Structures are given as structure tokens and as C-alpha cells.
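K.L.:
What follows is the residue order along each chain.
Protein chains: 2
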Amino acid sequence: MAGVDHLATERSKARFDVEEMKVVWAGSRHTLELSDRISRLVASDPAFRKDNRAMLSRKDLFKNTLRKATYAWKRIIELRLSEEEASKLRFYVDEPAFTDLHWGMFVPAIKGQGTEEQQQKWLPLAYKMQIIGCYAQTELGHGSNVQGLETTATFDPQTDEFIIHSPTLTSSKWWPGGLGKVSTHAIVYGRLITAGQDYGVHGFIVQLRSLDDHLPLPGITVGDIGMKFGSGAYNTMDNGVLRFDHVRIPRDQMLMRVSQVTREGKFVQSNVPRQLVYGTMVYVRQTIVADASCALSRAVCIATRYSAVRRQFGSQNGGVETQVIDYKTQQSRLFPLLASAYAFRFVGEWLKWLYTDVTQRLQANDFSTLPEAHACTAGLKSLTTTATADGIEECRKLCGGHGYLCSSGLPELFAVYVPACTYEGDNIVLLLQVARFLMKTVSQLGSGKQPVGTTAYMGRVEHLMQCRSTVQKADDWLKPSVILEAFEARSTRMSVARAQNLAKFANPEEGFLELSADLVEAAVAHCQLIVVSKFIEKLQQDIPGKGVKEQLENLCNIYALFILHKHVGDFLSTGCITPKQASLANDQLRSLYSQVRPNAIALVDAFNYTDHYLGSVLGRYDGNVYPKLYEEAWKDPLNDSVVPDGYGEYIRPLLKQQLHNARL
Amino acid sequence: MAGVDHLATERSKARFDVEEMKVVWAGSRHTLELSDRISRLVASDPAFRKDNRAMLSRKDLFKNTLRKATYAWKRIIELRLSEEEASKLRFYVDEPAFTDLHWGMFVPAIKGQGTEEQQQKWLPLAYKMQIIGCYAQTELGHGSNVQGLETTATFDPQTDEFIIHSPTLTSSKWWPGGLGKVSTHAIVYGRLITAGQDYGVHGFIVQLRSLDDHLPLPGITVGDIGMKFGSGAYNTMDNGVLRFDHVRIPRDQMLMRVSQVTREGKFVQSNVPRQLVYGTMVYVRQTIVADASCALSRAVCIATRYSAVRRQFGSQNGGVETQVIDYKTQQSRLFPLLASAYAFRFVGEWLKWLYTDVTQRLQANDFSTLPEAHACTAGLKSLTTTATADGIEECRKLCGGHGYLCSSGLPELFAVYVPACTYEGDNIVLLLQVARFLMKTVSQLGSGKQPVGTTAYMGRVEHLMQCRSTVQKADDWLKPSVILEAFEARSTRMSVARAQNLAKFANPEEGFLELSADLVEAAVAHCQLIVVSKFIEKLQQDIPGKGVKEQLENLCNIYALFILHKHVGDFLSTGCITPKQASLANDQLRSLYSQVRPNAIALVDAFNYTDHYLGSVLGRYDGNVYPKLYEEAWKDPLNDSVVPDGYGEYIRPLLKQQLHNARL
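Taken in order, these protein sequences are the chains called A and B.
Quick note: the first sequence uses full-length UniProt numbering, first residue 1, plus one each step.
Quick note: the second sequence uses full-length UniProt numbering, first residue 1, plus one each step.
Note that these hints are calculated values from the structure, not bench results.
When chains are identical, the list treats them as one kind, so a pair holds in a single copy or across two.
Under the rule of at most 25 Å between Cα atoms (straight-line distance), these lysine-lysine pairs were calculated in the DSS-like manner:
hint : residue 1 : residue 2
1    : K628      : K59
2    : K656      : K59
3    : K549      : K479
4    : K128      : K74
It should be emphasised that the depicted structure is a prediction, and the values quoted were computed from it without experimental measurement.
Next up, chain A with everything else stripped away, as it sits in the complex (with noise of 0.2 Å):
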């Protein structure tokens, strides 16, 4: 059977350029090229072998990350790969590890913080790994509210050095990664205090371990926070605790880019603008939708092929039974998640320009468009996340039992994802974040000041209040101007009436307490609308390829109709549509998933996954799901022997009605 594509049938069906599409979802041709090469590199490699994540022991799993990330550094150095090359190394090697907060926490936190002379002190150590740091911010009692850390950096002006204390258990370092084990230093945030002044949080460059022995220094307490979701996935990672009692460091570990603490203990800000922290929050929450769209599509790609490969009911006298993909039940709960994939794709290419264009503009000192472009990013995070974590349970759940297996893939790919709706902003806080925004843009309407960006629409404030959609038969829902006034107006509504609501309120902090979880719901509206603007945008460009600018309309499609019925309650009660128009959209929803039938497999093809990525047995590429899924079974360490161990203590007493004999 070896070399049979068992989806073959499926591929031949696409009605588009797989080829061409792959590079779409790449985002261009180079990248298609290096993700093939480096992706392919990996795979081929035995060392980065993961099929064996689940079975492993806490300590075992955790020492093989280790190996793995030290070989990879090691190729890495070998092959004389450049920066981007490693960083698809160390993203294809697939397994959360120290050097992840190492060149994603502890490098970018030097460089947009450190002044010149730390960045020339400290950026060569680490990018040679002579140092690794991780980044300690969150504390036992202090997640979402970073002002209200505990940690103390007190200033001493006597020795011109910083003491950094723990003053409660609550005020202990946890859940850093690379922490617990590895890392030799860190990024600390803490409480600057100088000359009984309490200056708020700041950054501090603090070793935590010698680089002789790896001892933790004195006054250091460190370690592993403990098991977390799931087999294999985040306990690879060595996330820690940690405890300071009256660590002292030199004045000049305090990350300086921003404020000072002069020798005498004063302290002064420099004139670089504070909201250049704000800029790297828009970098980061960027990554992380963009890494939506892969988690999500990784899935998607697993339940799609698994789909097409399992049959069950619909044989007629004992003949072939049905392709599952061929029910609408679950073409209806699939392919909104294949065409979601799709949607944050393009939203997170679109917020990699949003980036580049808030960094020129700020280098320019123009910060007029900061607070729309961190609106923006703080609710797509919360959206894709959010939509991303559920999407994988779904895909899993959409493989029945089986899906339940880790040789699934699905199991380890939602432990490990999970954490992204909570990491860099807890999602129904971000949410919170989004709708003040909101609500700030609706009370200046009237004055004359045009909301920017993502927010412009709302400057047709009077048209979208009062218009009525004009869809009058199914396929006028496939018209993007149908589709996006819709959502524009469903938004500004939702945002109009919660500012209405507000307004009654004497205490506006109250009001918005009282009315939170409303307003969240208007966030997410106008995060959706984003979303289907930037897939709608992205069609207006010119698009290479055989059918594949129409594969992607439908998608488009999919993701807003989906969208749409699954909220009609808020287009109906806003009056933007009639139950009759969201009936005709349901019909058309209908229409496209047929459409879609046919290429789904090709769909997922397209993002160019290896079976080593995708780690998952149902989503094989070859679809040989059966044989696999036996084999694997006999890899599990119960299986060594025939009769477990066990038997002999605990069974075999049960058995023989000797339970007064056995030790138990």
C-alpha cells in the first residue's frame, strides 16, 4: 500500500491551481519556497521526531526539548542559516521551548528598551547564546493588571546598585517561560522605587544562575511551576517561579531606553516617546494572529483530509457507505473554520502592514493613528484566539472518537494552543479594551473629528444608522457591498446604542461596568467586520492562478454569512437586515459549501503542510488513515508486554478472590 494517495480521487476534483493558492497562503513566493525548504529540513530530520511527545515522562520530555533546541541550534549554525531561515527552523520544529522567550521576549525587550551602550553590552551575548533570558513579568497574584506587580527594585545609592525583592508570596515570579530551568538571565519587571518613591514598573536586566554551574545566585529561589494542559505540548516548556530576597544589581541593568535612574537616585524620563511601547504590543499581537492561522488551519487540514477518508451510514444493500464530508452537518460546522483559516490569514498580512506603517510613523513622532491601531490589534488577538481554540475542539470533535486519540494531532494542538486566549492580554479584557475605543469614537462623532482606520466607517454615521439592505434573492448576498454595509451597520448600531445606554448612567466608570459584557459584544462586532473588510480588500487585488480568486470569493463568503447567522439576532434586533434577507443569506450559505465540496481537499493541500508539521494520523496526506492509526497503537508502553504489570499484584488477587493476601 506504501506510496498509494488514497485522496486522490479528492485532488482531482480541485477546480483551481494548487500550486498558485500555495503561494497566496504563503504570502509570496520566496516564502513558499524557504517555508518548503525548511519544513522539508525538519522532516527529514529523525532528531526532531515528535511522534513520541504523549509518552513521555515530565522529566524525559522536557530533556528532549532540550536536545532538540540545542540541535537546532547547532544546524542552524551549521547550515549558516540567516535569521529568518532560523526562525522557520525553530517554528517548524513545532515544540514550545526556552528559546522561544529567549529571541521572542528577552532580545526584542533589550532592544526596544535598552539603550545603545546595554544593547552593545548585551545583544551580542545573547545572540550567541552565551547568556539565554527569558521575560518576568507575571506574578502568582498579577496577571492582567501589570501595575499592580509587587516586585521591588529598590534604589541604593549608597552601593549605586538595585535591590530586587520579593515582598509577598503573591509577588513571586510565575509562569515565565524558559525560566524554571534554563535561563541564565532575565528581563524582571518590578516596582522602581528610589528615594521612597514609588515610580511604577520597570524593566531590569537580572541574572538568575551562574554561567558555571547554573546554580541559582545567591538570594534566588527558582523553578518549575508544574504539569500543565495536555500530554507532550506546553510541558516541554519549563515555565517558573520565582523569588527574590534583596538581590542586588548593578544600577545600570535597569533597561534605560525610556527613564533613568540618575546616580544620585533621581529619576528621569529621556525623550523617548512612552508609546513606543505600544508599538511593540501592536508587534507582537500581530504574531499571534498570524500563528491563529496556522493553529487553525492545521487543524482544519487534519479534520478535512480525515473527512474525506471516513465513511459512515448512507450504504445502500452493503455497498460503499457515505464520505462524512458529504454531510451538511458537517460541511456546516467544517468549512466556516476552513474559510476562517483563510480570513486570518489575510487579517494578520494585513496587520504585518499595519505594523510597518504605526513604526514609520512613529519614528516621524506621529501618534495619531496608535490608539485605532491598538484598538485594532488588542481585538483581532481576542477574535482569532478565541475563534482558533474552539475551532481546534471542533475539528477534533469533528473526527468522532478517533480525534480523541493523541496520535490524532488534535488533542496536543488545542492543549497547546489554548494559552493564546489568555497570554499578552486576557481576550474578554482586550475586548473591554476595544469597546472603550469604541465608545470614546462614538462620542466624538458629532465634533467634527473623523474616526481613522479601521474605524472610518463610522464617520457614515447617518447611513448606517437608517439603511435597510437591499438583498432580495440568495445570491445578492454574494455582492461585497451587500455584505459589508450589513456588518458596518450592525457594528455602528451595537456601538450607538451601548453609548446610548451608557449615557444614562451619572458615573460613566459605572456605566460601563454595569453594561461590560454588552459592550464586548459590540467589540466583537466591529472585530468581525474588520475581519471581513481585509478578506474582502484582499480580493480586490489582482490574483494570479486558475480558479483561485474564486475559491477564495466563496471562502469569503462562507466566513461572512457564517458569521452572520451565527449573530442574526444582532443584525435582526438592529434592524440591519429582515428575517426574510437572513433566510435568503442561509440559503446561500448552503449553496457555497456545495461549491466548496469539491476542492476542500486541494483547500488544505494548499497550505503546503508536511505530515511532521501537521503530526496528525487522520490528516495524513496520503489518507492511509486505518493501517497507520493500528500501527501506532502498538507503540504505546502498555503494549512492551502482553500482560501489564500489574497483573500479578492486582489483577490476578481480583481474579482469584485473594484480596486478603495482596498488598495494596
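Start from chain A and add chain B according to the hints.
P.N.:
Frame of chain A; chain B shown alone:
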């Protein structure tokens, strides 16, 4: 700090009699006393410790479960526990094990499908656990479609035996719990073939392993199917794979209560009604609904207590921060789940009654209510398990970052719960069965045949198709009659609309497939109405205890209005309520959250769960969360040494730039 109740203030706020609420939750004083006694017995016995599960390797985990199961049986015998007590003990041990299948499927299958003779032969052995049995139905290629099973049982009149055989790879038995390593016997389902004719799927008692040395008998290949979702969780269970190579069993090991094969190989039906099978399905699904309320209430208990402990934001000038349970965004996610836990409890109680009723009718050869009872239990199984799985994950997210730690108990609770959405009928397949029944009911509405049981309301179709809600102010939504009518109207109108759409298809089966996603929505609407109406019925009973009934009324209203808000599109598009009325419902919901708030901790205390059963640091009764989280972290094997295993091989060479020497 030992012994201090950090939640004492919260408990003192409760406006109702918690002890009386415990009785309501338990179902009776007897059950409360029993549960209380047995759960404490388990909690106080260190042999039943379970806080280390996440850290054990698969082999150690499994062996530990064998020990516990055998020890539990020993205690059951020593303490001379009744069947009811023994079953509670297994429940509170709270670890999936082969005994679940032995007692929950093997024994009932013999009781339900075996003849008197077969029962006399096999049950005494099973009762004493001299044999251990499992239930081998699903195969690698077949789950939902039981009629498609491929295993064959061919009668050989020469030897008076059945030959059990696995003709294909996909016919391998796959998933049965307890099969992989423990069971000595199985009820095997396969196609009965005699005299060259296939009589469909029947059950057979097959011995798998020698009772002397536990080795598989000749012709039998058996093993474990490998790791499943989560750490600990269902990995304590040996879900198995099983293949037969022409295995012979005596003819009298076919379960012959309903059908027989004679000595000559003739297939005969007995006069026992086949509908008995449906009685068993009603029973099993009723227990699943009861389990849903247990699992959801555990998650809610953890999230509620932790939400009262956790504080974030809202402090003025360094004062104490706001308890997260005081945020409306938290309440609007948490309290509907609290209400759902109670709602599922009561609908589960009612299903217990329904099962008794169905059983009595079956014994009197009255099959008239069976289709309705079957549809109703199928739908409620689907509705409650889906909501519970989603609800547990929502509770985990409500605990922020710390909910991601295994010590929160929530990851394992989720992983161990989710298969309930798939086993005993995939939740979407079940809803399609409900939809089919609803369509039949609607089609008969004009015929004079009155709909029965939970569909009786459809008899008032004319009124329900045109009624308008009378709500004019928010508290009009507190009237049970108002809520019921809105839900009945919504369900009726959705079903009737679907039936009208179906009628447009020339081929009804094609129509059913094409519209299946819409039909599922109608089924959900009907099932939600059942839950709401059974909660309302419960409140029509006499419920003693200060304030108890008032609290339950609040929860009932929260459940109903939350569902209304979530599915407001259904209510609006069918014209059951106006946008203004929907908005009033939402206002009322907010006000109900405020009323529940001071009672929240007491409402989860009423579940009467021990800290052992909850298995969560975040959900501790005393609220002493942070010191215990800190303590738990250090127990991780990674913390056995300060410098991790692998430092010398991998970290040091990296830091010292000596990768060329490293063995990677």
C-alpha cells in the same frame, strides 16, 4: 494559616439555607447522607490520592489505577457496602477504570440480553469479579453506524459453535474500555451468519484471556490503543484493540433473549419485544445527563470559588483590588453555567422518572411513549454534554492563566469529560434523530394524533404560531408562563418552518440531508425548551428551607434568559418576541446576576463536594489558593534537582559554545 476560611465572608452573605439546598441538589436526604459519608470515606483514605496523576507515566498511571480498583473492591467487601454504596464509592474514587465497563456495560448487557440460563451461568461469576468483562461494539471503521459492523460470527452446525472472525483491518474492535489489558471476557457484537445468510448484528460472550495466566487465548490479538487527550484523564483506562482469527465459541454464548440460533442453525426471534433495547438506551443516556450536571457543577464550583479569591484591577491608591467575581463580564459567563448545572440536575432527575415510566409501560406491552422518550433522551444527552464540555473549558478560561495548570483540576476535568460528546451517540447524529422525530410530529399535527410527552405543546400549534409575547417591562420576563410560551412558540415555529422547507423536496430523504444543519437547530430549540420546562416544573413542587426556592427561581430565570439571549436570532426571526423585548430580557438578566452574586459561593457549597473530589487547588473550600499553588509547584519531578537533567549534555555546551563536542 491552617484552618482559616478565606471565604467565610462570602459564606456569611448567603441569603438561603445551604443545608436545605444540599438536600435539593442531592435529590433526597438519603442520597445526601450517602454521598456525604462515602465521599468523606474516599477523601480520607490516602490510598485514593489522585493529585499525582498528571505526573505519572502511562505505565505507572495504569498500574496505579489497577491498584485503586482492586483496593476499592477490597474495601467494598470489608465494609460490606450495599450495591448503592459501592457504586457511590467508585464514583468518588473518580478515576476511569475497567470496573466502569464491567459494572456499567458487561453486567447490564447480560442482564438485558441474556436468557435466564445465561444469566444464571454468567452473572454470579461477574458479580464476584471472577471474570472481568467489557463491551466490544465499536470497530476501527465503525462507530455511529452500528449496523455497519464487520466482525462476523458464523455458525458451524458441525461443531455447534460460532466462529468469531475479523475479516478486515477496519473490523478490528477499537475503543472498548477495559479491553486492552484487563478484561478476561467481552460482549462482542458481530454479524450473525448462519446457513449462508447474514442476520445483522448480535451480541456474543467471548472469553479473551486465560484465567490462569492472563495470556490471550489462541486466535486473539488484543492490546491498548494508546494515549488519549490530557494528562491522567482517560489514560487510566485501557481502551483496547481486538482482532479475531477464527475464534470458536459454543453456540450458547450468543446472547439469546431476543433472537436465537437453534442446534440446526436456524435463526428464530423470541417473543420478547425488540423495543427492550430502547429501554436500555433511555437508561444509559439518563445516567449521562446526570453525569453532565456533576462534571459541570465541579467546574463551576472551582471557577466560582477562585473568582471570589482572585482580585485584579480596580484598586484606588494601592488599596485592595476588586474580586473578579464582581465584574459583570465574569458574572455573565459564570452564572449561566451555575444555572445550567442546576438545570441539568433537575432534568436528569426527571429523566430518571421517565425511565421508570418507560420500563413500566414496556412491561405492560405499551410502546406508545417509546419514540418520544427515545427522542427526548437522545436530545438531552446531546444538549447537556455539549454544554458541559464547553462549560468546563469556559470555567478554565474564567480562572485565567492559573486554570491552565493541572493543579487547577480543570484541564483533566475537560479531557476526561469531552468523550461524552461522542460516545453513546455522536451529539450531532442524536440531534438529527430528534429532528426526524419532530418532523414526524409536525406532519401528524393535522391528523388528529395528539403529540405526547415533551412534544405535547405542539398540540397548541395554532396558538403558538401566532402568539406575541406580552412583555412590556424587564420583570415581566420573570413569569414562568411568559418564558414557557416564548420557548414553545420558538420551537414550534422553527419545526414548522423546517417541515415546510422539507416539503419542497420531491425526495424527502434528500431534503433531510440538504437541510440537516437547519434541522439540528430546530432540535436544539426543542431540547432547550425541555430543560427550561422541567426546571419550571421542579419549582412548582414544595421546596422547604429558607430562601431555597427563591434562589432556584433566580437560577431558572437565568438559565432561560441566557438561552434566549444566546439564541435571540431564533426568537426574533420567528417573531416570537420583539427587539425591545429581547433588550428587556437582557436587562433582567443583568439584574438577576446581581441577585445571585452574594449567594454564589453558597450555591456551589450546596454541591457538597470534598476537596478530594474537586481535585483543584483553585477550588479549595477554604479559598487558601496561593500558598497551595506555590506548594504544589515544587512537587513536579522537574524540581527534584535544582540543575535539570540534561544541563551537562545540552545547556552547558550551548552556553559555552562547545556544540561540536555535544552528543545530540
